[in-house]
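Line order of the protein sequences matches chains A and B. Numbered per UniProt numbering, the first sequence spans residues 1 to 444. Numbered per UniProt numbering, the second sequence spans residues 1 to 237.
Hints listed in this document are in silico derivations from the structure and should not be mistaken for laboratory results. All C-beta atoms, glycine included, are put in the ideal place defined by N, C-alpha and C. Warning: the hint list may mix true and false statements.
List time: in silico SDA-like cross-link candidates among lysine to any residue, alpha-carbon distance up to 20 Å [claimed, not checked]:
#1 A/Lys304 <-> A/Arg216
#2 B/Lys211 <-> A/His362
#3 A/Lys304 <-> A/Leu212
#4 A/Lys82 <-> B/Arg149
#5 B/Lys211 <-> A/Thr78
#6 A/Lys326 <-> A/Asn130
#7 A/Lys82 <-> B/Gly206
#8 A/Lys82 <-> B/Arg210
#9 A/Lys364 <-> B/Gly38
#10 A/Lys82 <-> B/Gly38
#11 A/Lys266 <-> B/Arg149
#12 A/Lys214 <-> A/Met162
Below, a sample of chain A positions facing chain B; criterion: calculated Cβ distance under 10 Å [claimed, not checked]:
#13 Tyr101
#14 Glu122
#15 Val393
#16 Phe410
Okay, the calculated bits of chain A under chain B, using three or more residues with CB under 8 Å as the criterion [stated by the list, open to error]:
#17 66-77
#18 172-179
Read off the chains here:
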Amino acid sequence: MTHDMYAGTSETTEGKVFTVTGQDWDSIVEGLAEDVDERIVVNMGPQHPSTHGVLRLILELDGETVTEARCGIGYLHTGIEKNMEYRSWVQGTTFVTRMDYLSPFFNEATYCLGVERLLDIEDQVPEKANVMRVLLMELNRISSHLVCIATGGMEIGALTVMTIGFRERELVLDLFELITGLRMNHAFIRPGGVAQDLPPGALDEIRAFVALMKKRLPEYAALCNANPIFRARLDGVGHLDLEGVMALGITGPVLRSTGYPWDLRKTQPYCGYEDYDFDVQTWDTCDAYGRFRIRLAEMWESLKLVEQAAERLAGLEGAPVMVADKKIAWPSQLAIGSDGMGNSLDHIRHIMGESMEGLIHHFKLVTEGFRVPPGQAYVPIESPRGELGAHVVSDGGTRPFRTHFRDPSFTNLQATSVMSEGGMIADVIVAIASIDPVMGGVDR
Amino acid sequence: MSETPQNQSGPDQPAVEQSPENVPAETGEVTAVGARTGMFGATGTGDTSGYGGLVAPIVYPAPAQRPFGGWYDEVADALEGTVGNVVIHRGEITFHVRREDLVSVAQHLRDAPQLRFELCTGVSGVHYPDDRGNEMHAVYHLLSMTHNRRIRLEVSVADADAHIPSLVAIYPTNDWHERETYDMFGIIFDGHPALTRILMPDDWPGHPQRKDYPLGGIPVEYKGGSIPPPDERRSYS
Numbered sequence: 001m002t003h004d005m006y007a008g009t010s011e012t013t014e015g016k017v018f019t020v021t022g023q024d025w026d027s028i029v030e031g032l033a034e035d036v037d038e039r040i041v042v043n044m045g046p047q048h049p050s051t052h053g054v055l056r057l058i059l060e061l062d063g064e065t066v067t068e069a070r071c072g073i074g075y076l077h078t079g080i081e082k083n084m085e086y087r088s089w090v091q092g093t094t095f096v097t098r099m100d101y102l103s104p105f106f107n108e109a110t111y112c113l114g115v116e117r118l119l120d121i122e123d124q125v126p127e128k129a130n131v132m133r134v135l136l137m138e139l140n141r142i143s144s145h146l147v148c149i150a151t152g153g154m155e156i157g158a159l160t161v162m163t164i165g166f167r168e169r170e171l172v173l174d175l176f177e178l179i180t181g182l183r184m185n186h187a188f189i190r191p192g193g194v195a196q197d198l199p200p201g202a203l204d205e206i207r208a209f210v211a212l213m214k215k216r217l218p219e220y221a222a223l224c225n226a227n228p229i230f231r232a233r234l235d236g237v238g239h240l241d242l243e244g245v246m247a248l249g250i251t252g253p254v255l256r257s258t259g260y261p262w263d264l265r266k267t268q269p270y271c272g273y274e275d276y277d278f279d280v281q282t283w284d285t286c287d288a289y290g291r292f293r294i295r296l297a298e299m300w301e302s303l304k305l306v307e308q309a310a311e312r313l314a315g316l317e318g319a320p321v322m323v324a325d326k327k328i329a330w331p332s333q334l335a336i337g338s339d340g341m342g343n344s345l346d347h348i349r350h351i352m353g354e355s356m357e358g359l360i361h362h363f364k365l366v367t368e369g370f371r372v373p374p375g376q377a378y379v380p381i382e383s384p385r386g387e388l389g390a391h392v393v394s395d396g397g398t399r400p401f402r403t404h405f406r407d408p409s410f411t412n413l414q415a416t417s418v419m420s421e422g423g424m425i426a427d428v429i430v431a432i433a434s435i436d437p438v439m440g441g442v443d444r
Numbered sequence: 001m002s003e004t005p006q007n008q009s010g011p012d013q014p015a016v017e018q019s020p021e022n023v024p025a026e027t028g029e030v031t032a033v034g035a036r037t038g039m040f041g042a043t044g045t046g047d048t049s050g051y052g053g054l055v056a057p058i059v060y061p062a063p064a065q066r067p068f069g070g071w072y073d074e075v076a077d078a079l080e081g082t083v084g085n086v087v088i089h090r091g092e093i094t095f096h097v098r099r100e101d102l103v104s105v106a107q108h109l110r111d112a113p114q115l116r117f118e119l120c121t122g123v124s125g126v127h128y129p130d131d132r133g134n135e136m137h138a139v140y141h142l143l144s145m146t147h148n149r150r151i152r153l154e155v156s157v158a159d160a161d162a163h164i165p166s167l168v169a170i171y172p173t174n175d176w177h178e179r180e181t182y183d184m185f186g187i188i189f190d191g192h193p194a195l196t197r198i199l200m201p202d203d204w205p206g207h208p209q210r211k212d213y214p215l216g217g218i219p220v221e222y223k224g225g226s227i228p229p230p231d232e233r234r235s236y237s
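Here chain B stands alone, though its shape is the one from the complex:
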């Protein structure tokens, strides 16, 4: 019999102080964005499997804690105070930036000699309808050719106030990319020289890549039936 049982924990066993490497890594606050229900994701018909009551929250990767390791800390130090959460997932680093800070952060990232993110590969919009208050996300991938590094900036704004400052003055390449994101998501890039539609016709109503954009069904010539729109079909997603 060992005098110190393995499973004992509490103030008598200062295991954490003795072996700090065994402390589980602190992760930032994790919030669920939406949830999946049922075992098979099928909706519309009754789930007879008995697993219909399952609820699995959708959780995106949690913010990372310092030290991030490698050059990640260098970049994070240079951006200290202007970025919010930092997420490192699958070796890619994402800096969440408030929209007020976006322009100054981008300017700094481009011009500071230790950063030199010369190339912006455009902006990609993502619509998270379940992320209440932060539905519209704009994601920028930046590349530093000098240091051979890649980072990602993410700006989240509410759908009701979908305004993000334009980066065209800093990265002129974003001209068409911002127009596309406006066209597809309705995010308004304040300060863009000519924010018009680019892929859809000028008089098109709505912004097609939004999750709440109505999709059309297809009428079929058989007893007045129709194929329902893809988001209303029975599916596993």
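Bound conformation, chain A alone:
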């Protein structure tokens, strides 16, 4: 065995340790020649390209069969929940949007719904704000499912699925950029409504996007649905039936792949979802293929919802997007200036030149923030990965006393062992991709 400073071997009390960096499997085989019937523990990740981010898998192998699979998480822990305790309630949205980075609007929405419940202003949130929330969340569901299908395809070698997935996701991100100014980390949904009105021309862009997606989505079906190679990798892999799903508290497409039509948008509607026409998608195979088909079908449903929301927004031109209560509503509107986005010049002129009270009000609300009555609230929503909820606790102050996110990726990742133990090592990747964990949400 040649010496390799990056991929050497060492003896420990647990046995011989090999460091594998790729293209050096021969050394492992050679090294194991004398004791082949020993179990091998493979540490996969946290930098492995197929583990969906910084997930570390500890796999115990017997040949190519996985006998034990465990997860090591926490590599992306950034203490967001703790940080929020030292920022105002509005600033909290800036943190939560960074948790599950593939579904930022859902993080913001569940947090804001919790804060609004504590403030007791749920009924005062204007209709346009709710419609815009639905619009953004459904666009976000499409982009999130696209990444899931794209990376899932890449991990099994279907690179075309990856390239077309990211091609379409780019279109959604363009819409986000048009509406919120940013491709991710929007902090656009705020307690009391949304940050800004739709920019001119946004509805036309959204309609053009929907029309284009109706042409593009069938490509995925044509490419994958009956593709024998694709199906051979996904059929029957990552099997988990309803009993297992319920015991492990798993929600979202994994739950619906057991045939149980549980979707919070239907069962416990929020943001006015009860007024939209859409269906809950289920499959009955309890496997990775079923989850793929559910995600594909949910994108169609989301397109339906986006269309309906766009139609409503066309009739709500000029309507308010933030609660009327000046003690809560953010005082300024943003505008694009020659040096980028900032407070609108009209607002600056008003507070600097016309109204001392306006200036005081702006200053107090922006630096101190508003107070939220003591209590706790939990308003879960249906994120692309399942039930996402924020346990929001206030002690009557201007900052969250405690916010805990029940992130579906965190909970669903617990199914890794039951989905992959007893299967082949190659199927571990498929099983995890079918859970669609986002490590930003898992570790927070």
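Given chain A's structure and the hints, the job is docking chain B onto it.
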């Protein structure tokens, strides 16, 4: 002149018996958990506003009295004798449970046909340093998909004896959630199969989400100055 002045009260005016609907709702005992001082919450520098002497107690929603209304009573009846205070706030119901009863309550909530809270969405710890003798709270949100209901269980224990029985045997999904709460708050879930840290490194000292966890300041390269930790900065909270 009316013969019965409006503002007269006492035994001669049995108004309460005549119109029981006007009796103010009885609320349970309310205890203040901590207090805020001053008008602006600013600390560190003198408050020149003249409002610096204000003391406002922090009072959490009071326990509700029967009848709770709707299905709340159904669930409360089924749990009679095993739960303490029941708080209904903003349409969400919270049952305060003693830790001795937690496991039997959860088992009953999951298995009884009229309850069927099949899904536990994990446990969330909250540290109330001013709630003397009950500093550590563990909050469980339960969902009944059968009946489409949500309830919240809350268990409070003293910081000095932060032990709560594990619910992993009843809700296996709580495995990682309890590990996280242990990691962040130091609450020990007795009976958990492997209560180890999950998000922080294995050798990390302390439990970061506790309110008394020391926060770091940031040294700046200017005359040896430093930015103080966030909990020591001047703030409005």
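Hint check results:
1. A/Lys304 <-> A/Arg216: holds (15 Å)
2. B/Lys211 <-> A/His362: violated (30 Å)
3. A/Lys304 <-> A/Leu212: holds (13 Å)
4. A/Lys82 <-> B/Arg149: violated (30 Å)
5. B/Lys211 <-> A/Thr78: Within the cut-off at roughly 17 Å; holds.
6. A/Lys326 <-> A/Asn130: holds (19 Å)
7. A/Lys82 <-> B/Gly206: holds (14 Å)
8. A/Lys82 <-> B/Arg210: Judged against 20 Å, a Cα distance of about 9 Å means the pair holds.
9. A/Lys364 <-> B/Gly38: holds (16 Å)
10. A/Lys82 <-> B/Gly38: violated (25 Å)
11. A/Lys266 <-> B/Arg149: holds (14 Å)
12. A/Lys214 <-> A/Met162: holds (19 Å)
13. Tyr101: At 17 Å from the nearest chain B Cβ, tyrosine 101 of chain A fails the 10 Å test, so the hint is violated.
14. Glu122: holds (8 Å)
15. Val393: At 6 Å from the nearest chain B Cβ, valine 393 of chain A passes the 10 Å test, so the hint holds.
16. Phe410: This hint holds: phenylalanine 410 of chain A lies near chain B, its Cβ roughly 6 Å from the closest one there, short of 10 Å.
17. 66-77: n = 3 at 8 Å, threshold three: holds.
18. 172-179: Violated - the region 172-179 of chain A has 0 residues with a Cβ nearer than 8 Å to chain B, which falls short of three.
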